[in-house]
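Throw the hints in and build the complete structure from the sequences for me.
The residues making up each chain are set out below.
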Amino acid sequence: MRRAVIVATLCALVVPAQAFAHATLERTSPGFQQRVSVSPGTVTLRFDQYIEPLPHAVRLYSTRRELSVPEIRIKGRELAARLPRLRAGGYTVRWHALSGDGHVVSGVFTFGVRAPAPQPTQAFGASGPTRTEDVVRWLYFLSLALLVGGLGFRLLVARRPLPNRFFAITGFGAFATLNVGVAAFLLRAEDALQLPFGRLLYGDLSPMTRTRFGAVFIAMTLGFAAVAALVFLAWLSDRDVFLWPAFLLGLGFVSGLSLSGHSAADAGSSWKSELADWAHLSAACLWIGGLVQLAFVVWPLLPDARRTTFLAFSRLATVCVGVLLLAGVYLAILRLPDVSDLWSTGYGRILLVKSALVALAFAWGGLHKLRAVPAVARDSAVPRLRASIAGESMVGMIVLLVAAFLVNAKPPA
Amino acid sequence: MQPPAEHVHWLFATGFLLLGLCLVAEAVVGTEVWRRRAWRAYLWPGLAFGLGVLMWPVMTFFTNSTLHMLAHGAWAEVLMGAGAVELALVRGKLQSPAWRLMMAAAFAVSGLAFLVHEQNTWFFQRSSFLHHLLGWTLLVAAVFPLVRSVRPRSHVAAAGFALTFVVIAVFLYCDRDVAPVFGHLSPLAGPPHR
Chain A
1 MRRAVIVATL
11 CALVVPAQAF
21 AHATLERTSP
31 GFQQRVSVSP
41 GTVTLRFDQY
51 IEPLPHAVRL
61 YSTRRELSVP
71 EIRIKGRELA
81 ARLPRLRAGG
91 YTVRWHALSG
101 DGHVVSGVFT
111 FGVRAPAPQP
121 TQAFGASGPT
131 RTEDVVRWLY
141 FLSLALLVGG
151 LGFRLLVARR
161 PLPNRFFAIT
171 GFGAFATLNV
181 GVAAFLLRAE
191 DALQLPFGRL
201 LYGDLSPMTR
211 TRFGAVFIAM
221 TLGFAAVAAL
231 VFLAWLSDRD
241 VFLWPAFLLG
251 LGFVSGLSLS
261 GHSAADAGSS
271 WKSELADWAH
281 LSAACLWIGG
291 LVQLAFVVWP
301 LLPDARRTTF
311 LAFSRLATVC
321 VGVLLLAGVY
331 LAILRLPDVS
341 DLWSTGYGRI
351 LLVKSALVAL
361 AFAWGGLHKL
371 RAVPAVARDS
381 AVPRLRASIA
391 GESMVGMIVL
401 LVAAFLVNAK
411 PPA
Chain B
1 MQPPAEHVHW
11 LFATGFLLLG
21 LCLVAEAVVG
31 TEVWRRRAWR
41 AYLWPGLAFG
51 LGVLMWPVMT
61 FFTNSTLHML
71 AHGAWAEVLM
81 GAGAVELALV
91 RGKLQSPAWR
101 LMMAAAFAVS
111 GLAFLVHEQN
121 TWFFQRSSFL
131 HHLLGWTLLV
141 AAVFPLVRSV
151 RPRSHVAAAG
161 FALTFVVIAV
171 FLYCDRDVAP
181 VFGHLSPLAG
191 PPHR
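Heads up: the protein sequence lines correspond to chains A and B, in order.
For the first sequence, the working numbering assigns the number 1 to the initial residue and increments by one for each residue that follows.
For the second sequence, the working numbering assigns the number 1 to the initial residue and increments by one for each residue that follows.
Note that these hints are calculated values from the structure, not bench results.
All C-beta atoms, glycine included, are put in the ideal place defined by N, C-alpha and C.
Where hints are given, some of them may not hold.
Covered by chain A, per the in silico footprint, the following chain B stretches (three or more residues, Cβ under 8 Å) [to be verified]:
no.	region
1	51-60
2	66-72
3	82-89
Quick look at the structure:
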């Protein structure tokens, strides 16, 4: 009986629900990203509360320019705009209204007339990823490397309890993954909504969650919240049983970036490109995250484990480098069918820079493999090896920065 | 499909009520008696941690405004963090009583999130009134975990800390405009919508 009550209470708590004070858009006609066969006579937005009119409450845009909206009226909870006759194509609707609680609520949605509707992230006025988003994407990669790479190192390489610093680094990675993910989502939403910061606070983000990017944001946030909880439980209970699901979940949810990026959305993408992208990113995370653990946990805190972990990591790194190369070359061929694209397009030029840095990192790793591994295997001292490992990890992090620019760049059609 | 707003408040209110009742029981019988069964020591910190984890779905699924999304994210993080620290203190993973300041910080951050995300005046509508009340209650009640961190045996601090969760639960149960009898306090807020 007691167990039943506990289970029932936990089940009740699991079900989330809505919590808002100001007017919330309940539905629109045409619907979000709906494709309609004839030009709609009106655009209608239905809210859950009464709203007040504002000038230019509904603005309509084709893919090229703003179109005039002859009449806008508000009746109770409904905002309606009469539309001119629309040609075939994609359209963007930007709306704002004074909520009953005095706040200006705003939003955007798209629809298509005898054509596919554009994604909200490609709504009229959206300019695409900015430099800030490139940096946020880089921080996302770094966080994933610290988290997933750290867990991989602990389970596949060290295979023994590590000092608390291991949990501090992976825990920070989990915390950063969650927060950087939210920042990335809000930056995309800001670009789609085209609102100043004050009004973005009351911007309706729900159309964004209906995109592939939004769905991935939801899945990754929930997944990495679970990973964070599992890592914490592993530290608290000193049990490896929580680490394996944390690692596998983390590795699985890394695929979110592959399922919402070029490998999933661009022409020529398929399950093979998605798989290659996931393998590429996972291998990079394991490699760079492992180097960080080796340089900042094992070397300074576990001198007796240096030899075994260095040799074991060397084997894992070889596999990671192989996967990185194979997947990277496949993706490069897929996205740049002509060799001349490498120097004639912006995407190609970034790829060249990335390749040069990757070559430097591989050369550095190769030096470790050829010179340091035999010496360590003989128990000979290798001067400044820790600094060298830290240096290799820094190069890997710079590669991730260039990769962030590459991911946000548009490959040639 | 999303369930109505009041349900999430009631569900989290239930969680906080359970948490508060555990703390009230511990304050009444004393920590030594309460911890005669070892699992009881983990009960309320575990509940706080679990409620923090459960706040993430609320943040991700209800994105009708940026401000609410950020507020729910802040509550998720401080609940998880404060619960995690208390669990670690019980387990002996953390030793310094200064770690208890995390709970005081969680109260302060939660209170600020309530006040920042509610930009209407106290008497605009019932939810505004309760958001202000929740925010200020949490900010003022942050003194209890603060005192607990320096005087762990203080009965006043323990009782105040426990009752804060019960009060928060009651406020959350009352927070939504559902029944016409409660209505809006200001005509500017329009007629009750549910």
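Going down the list of hints, with the structure as the test:
For the region 51-60 of chain B, the stated coverage by chain A is satisfied: 8 residues place a CB nearer than 8 Å to a CB of that chain, which reaches the threshold of 3. Here's how the region 66-72 of chain B fares: 6 of its residues keep a CB closer than 8 Å to some CB of chain A, so the rule of at least three is met and the hint holds. Counting residues of the region 82-89 of chain B whose beta carbon lies closer than 8 Å to any beta carbon of chain A gives 3, which meets the minimum of three for the stated coverage.
In summary, the structure agrees with every hint in the numbered list given earlier.
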